[in-house]
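Trainee: Spelled out from the first residue to the last, the chains are:
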Amino acid sequence: MISLNDCDPGFKFEVAAEPGGAGIKACFACAACSARCPVAGHREEYDPRRIIRLTLLGRREEVLSSPLIWLCSACYSCQEVCPQQVRFTEVLTAIKNLAAKAGYAPPSAKQIAGLLAGHGRLLAVTEFENEKRAELGLPAVEERGADYAAILGIAPEAAEAGEEA
Amino acid sequence: MTIISTPVLILGGGVAGVSAALELARRGVPSVLAEKGPRLGGRVRDFCCKATQACVHCGACRLGDLLAEAAARPEAAFRSLALAAEAQREGGVWQVELRPQPDEGEADPLAQPLAEKTTVNAQAVILAVGYEPFDPRRKTRFGYGRVPGVMTALELEAMLGQGVLVGHDGQPPESVAFIQCVGSRDESLGNLYCSRVCCGFALDMAGLIKEGWPETAVTFFHMDVQGYGPSWEEALPHMRQAIDFVRAMPGEVSAGENGPRVCFAGPDGQPRSREFGLVALSQGLTPPASAGALSEMFGLNRNQDGFLGEDAALAVSGAQGVFVAGTAQGPRGIVESIDHAALAAGAAMESLFRAGKEAAHG
Amino acid sequence: MARVCLIWVERPGLEGLDPAEVAKRAGLSLDPGGAIPAAVVTAPEWAAPPAVRSRLAGKPAQWLDLAGEVGGGPAEKRLARAAAAVARAAGRAALGTLPQVYTAQPAQTVLVAGAGLAAVAAARQAGLLGHPVILATPFGRAAQAGADDEAEEVSLLAAQLPAQVEVLAEAELRHLSGAAGDFTAELQTPQGAQLKRFGAVVLAPAGGYAPPELGLDPELAKPVADLPPEGLAGSPDKWLQAAVIAGVDAPATADAFARAVEAALALQARDFVQTTLLFSEARVASEGGERRYREARQAGVIAARVAAGGLEVAQGGRLLKWRDLLLDEEVQLRPDLLAVAGPVAAALPAFLANPVLWPAWPQLVPEGPRFSGGRTARSGLYIIGALRGTAPGRARRVEAAAAAADLHDRLTQGRATPVPSVRNTACASCLTCVRVCAHGVPRYGSDAIVCAPAACVACGMCAAECPAEAIAPPGWSNPELIAGLEAGLAKSAGTKAVLFACGQSGAQAFAELCRQGHEWPEGLLLYPVPCAGRVGMQLIMKALSSGAAGIMVAGCHDGNCRSVSGNLRARLRAGETAALLERLGLGPERVEFLHLASNQPRRLAQAVDRFVSTLG
Chain U
0 MISLNDCDPG FKFEVAAEPG GAGIKACFAC AACSARCPVA GHREEYDPRR
50 IIRLTLLGRR EEVLSSPLIW LCSACYSCQE VCPQQVRFTE VLTAIKNLAA
100 KAGYAPPSAK QIAGLLAGHG RLLAVTEFEN EKRAELGLPA VEERGADYAA
150 ILGIAPEAAE AGEEA
Chain D
0 MTIISTPVLI LGGGVAGVSA ALELARRGVP SVLAEKGPRL GGRVRDFCCK
50 ATQACVHCGA CRLGDLLAEA AARPEAAFRS LALAAEAQRE GGVWQVELRP
100 QPDEGEADPL AQPLAEKTTV NAQAVILAVG YEPFDPRRKT RFGYGRVPGV
150 MTALELEAML GQGVLVGHDG QPPESVAFIQ CVGSRDESLG NLYCSRVCCG
200 FALDMAGLIK EGWPETAVTF FHMDVQGYGP SWEEALPHMR QAIDFVRAMP
250 GEVSAGENGP RVCFAGPDGQ PRSREFGLVA LSQGLTPPAS AGALSEMFGL
300 NRNQDGFLGE DAALAVSGAQ GVFVAGTAQG PRGIVESIDH AALAAGAAME
350 SLFRAGKEAA HG
Chain G
0 MARVCLIWVE RPGLEGLDPA EVAKRAGLSL DPGGAIPAAV VTAPEWAAPP
50 AVRSRLAGKP AQWLDLAGEV GGGPAEKRLA RAAAAVARAA GRAALGTLPQ
100 VYTAQPAQTV LVAGAGLAAV AAARQAGLLG HPVILATPFG RAAQAGADDE
150 AEEVSLLAAQ LPAQVEVLAE AELRHLSGAA GDFTAELQTP QGAQLKRFGA
200 VVLAPAGGYA PPELGLDPEL AKPVADLPPE GLAGSPDKWL QAAVIAGVDA
250 PATADAFARA VEAALALQAR DFVQTTLLFS EARVASEGGE RRYREARQAG
300 VIAARVAAGG LEVAQGGRLL KWRDLLLDEE VQLRPDLLAV AGPVAAALPA
350 FLANPVLWPA WPQLVPEGPR FSGGRTARSG LYIIGALRGT APGRARRVEA
400 AAAAADLHDR LTQGRATPVP SVRNTACASC LTCVRVCAHG VPRYGSDAIV
450 CAPAACVACG MCAAECPAEA IAPPGWSNPE LIAGLEAGLA KSAGTKAVLF
500 ACGQSGAQAF AELCRQGHEW PEGLLLYPVP CAGRVGMQLI MKALSSGAAG
550 IMVAGCHDGN CRSVSGNLRA RLRAGETAAL LERLGLGPER VEFLHLASNQ
600 PRRLAQAVDR FVSTLG
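Going down the list, the sequences are from chains U, D and G.
No gaps in the numbering here: position 104 of the first sequence is 103 in numbering that gives the first Met the number 0, and each next residue is one more.
No gaps in the numbering here: position 54 of the second sequence is 53 in numbering that gives the first Met the number 0, and each next residue is one more.
No gaps in the numbering here: position 12 of the third sequence is 11 in numbering that gives the first Met the number 0, and each next residue is one more.
Bound conformation, chain U alone (with noise of 0.2 Å):
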């Protein structure tokens, strides 16, 4: 039973308001993103037009902590055959970004994180990549290359900083 009292009406202008959010109240339901949706052939939990409904009654904590988010694969079918112009891939950006916010990040996103924040890339750079790439004649790179801070988009001392911890 989901009492609309108890939920939060300003959800949904908080997904809106994420860059990518804008077109989520538009949905009027209509069923064809679940139809071409092939997350949804997989995982049968998993639908498209029910993340969004669960969003517009406000069930804040229901969509951020659900696990069926971090599902989608951006194939962009959805999009492409929404009438409404809801551009679900890109809300469901928005949604993860506040849910990431809220601390519901599932621990695969969050390892992620760590290596992306630690290494500078997906994976450490070890001796063993440096020696496969120079047989393809292909430069060393550096675990954290110069250009590390200005991608994360931190300042110098932070990764210094972040190096240390």
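For the record, the hints were derived by calculation from the structure and aren't laboratory data.
Here a beta-carbon is modelled for each residue, glycine too, at the ideal position from N, C-alpha and C.
Just so you know, nobody snuck in bad clues.
Chain D side only, calculated, beta carbon under 10 Å to chain U, not exhaustive:
{"#": "1", "residue": "186"}
{"#": "2", "residue": "188"}
{"#": "3", "residue": "190"}
{"#": "4", "residue": "222"}
{"#": "5", "residue": "246"}
{"#": "6", "residue": "247"}
{"#": "7", "residue": "249"}
{"#": "8", "residue": "261"}
{"#": "9", "residue": "264"}
Let chain U serve as the given structure and place chains D and G on it in line with the hints.
Mentor: Only chains D and G this time, still in chain U's reference frame:
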């Protein structure tokens, strides 16, 4: 070059145009109607009767009455193969140049083909140029023109009018699907309006199919069912028993083994697909192809949806003496178009009165 | 018997027919020119040359759309069919004409009873068309309207009423009887009651909205038009919850849905108010309806689709429960504000409830396509606006304009037919005609049946049903029809069959098939009638006794009869005749009724072919 004068010139000879001529005649006002094609009657000529146990009030049969009345009304003169090419207003009179169109040998018993370039001097003009059906090729994912067995609702209508129903393989289909709102209610296409007639049109055709081919299963993909009066609301529950109403817009129509395969979301939100012998796309009504040219020619507004003439302009009976009747103004059914012509004719008559008064005083 | 000549007017479709041969076979002489006693013309009156029309003025003439009767096939067959059709028409023309029936001139004054946009627009249009108009409004002035109309729009129009319109304030239409050209109305005003004669009557009672029956507490649930005052708002910690109901048991009309959407938008625009719009179908088929619906969602309105009848109302609406169809979960809402959109409605004038003078609503205001534009079955009576459920705004102007033109046409004889003639010496005053006429033409006067002067559409149902042959529209009496039937059948060849075809459906489809060159069975005699309801049992029996092997009656589909029940009456009579034939051992299959529309020529051709082939 011929010059003719008339109080009112009507452009378009479909039900709205012919009705406008009749509405004027009932008021004692003569008119000249110019139809660009060879025949009067417009698109309604191609609509069949959809009565099953009883009349379903589509109004297509009214065309016969209209043409019979038109024949007996000396006030209305009909010209076929006459296209309005230019217009200018001078001293409160529209001078509209009509150009003859190529004759394809199909004559109308009521209309006289335009023989040469003709200038019509008219105090008022009624535009009744109809609508353009949405081209479903613009909605590529529904497979029109690509997937055998996918047709437009109008094509299905033409087939049913001949008493025939064949699907993708040339055989009577075991199942038929209607997909609604193709080109309507669609922000991505810029068509943010309901075409109003398609729910009734499709479900009436579904009724015809269920009557003539009772074994054929019919599925109706839709978002909302629009209303068409008390008896329609009464009939809806019965339709829901005979027809499978699926409240979902399909995502795609592709070629399947046994006919077009429609993929759609089930009530649980799960994608599923089903093959049908025939898929009919209920294409929406879009503004007439000539809307842009006519709005420029006659200095007429187009509304937000691109149709001719805003409501307010008509209500104050346009200072320019230009009025719009029927689907050229917005999506409406056959009977609605016939009646809508009364408003345009009434407003045109008022403008003639006003012009007469001004002339008397001025 | 008058000697009948054939006047040949060449028309597309008559190619290859030799006029002299047709006349000879039909037993007529070809037009010698000059004065002739009676004639059959091969074209409808409108298509005949003016000289022919003036020569035949006042003469017994049968205008035949011969091109719409012959069809294709071998020359010999076409000739035989043309001769039979001409003979049929000549049979009727030979009877001569009845003297013109005297009736009073139709009254020209128009009564518009009601208020609001529809009433004012109708009064204005009728006035501009030159009719004296009485606008009888229940209010103090013409500009006042019901709750459903746009006040400003009505005022603007009321200020432009032409001089012909007299406004009767605080007036009530207490009683109405009659039909086009001859209505009698009793109007009650503060100055007393007055009885007046009118040519046409437009009913447009002031409208309002009918709230749906949902068991809502009126203290909480308000019509969408009565939104709470400005300044009402929630707070960031405590949003106010508003609900707008737009058709949850039965779907809303497009107009009611649009009003609900406007209300939802207005409520949602307040600070910290969350509005939920509840509906079973989003009825967006109004102009701008879809656009506004999207705007409402964009503004934050929650669109909640509820299965029809699926809204559970508790505590007078203070608790609403429904199943979210998409989530498949129960949802509940305790609204602080509740607005309800209902359809437009108006009170039914009390006099219409009199079952002696007025038919029930479905018979008076049929829903079919022939009764649009404010028309009712009763000639000269128009019902427009809220009482008819017409949406406010443009749709009401449309009705008013259509009604004004129709009444003007009717009262000025544009297409009126002469009134039925009544033979008082034969009339038994059984009132059958009064009962069967959907248009209200005959009524019982002081001691005889009298007919309203501009009301008859010549459907001929009175003539078919009158047990004494005492009434018929001119040209459609039993003796005339039987004379034609006998003459036509006498000249028909082969297996003879008669197709009685309604002018609104069967005859039009028949003509269309002829234009397409359809080849009809040799002995088929078409008998066009103004309405299938004209074909009574007597005509069918007469056709059989005159040599026809079978009779088919082609009338309109159920619900599409111009005279409301002419088709059903014809079907009933055909069925009764078939039953009688069965009792007599003559085979019931000889008589058949076919429902048809004018645009179903193929259906007619197939039915006729099948029917005639069974006659053998």
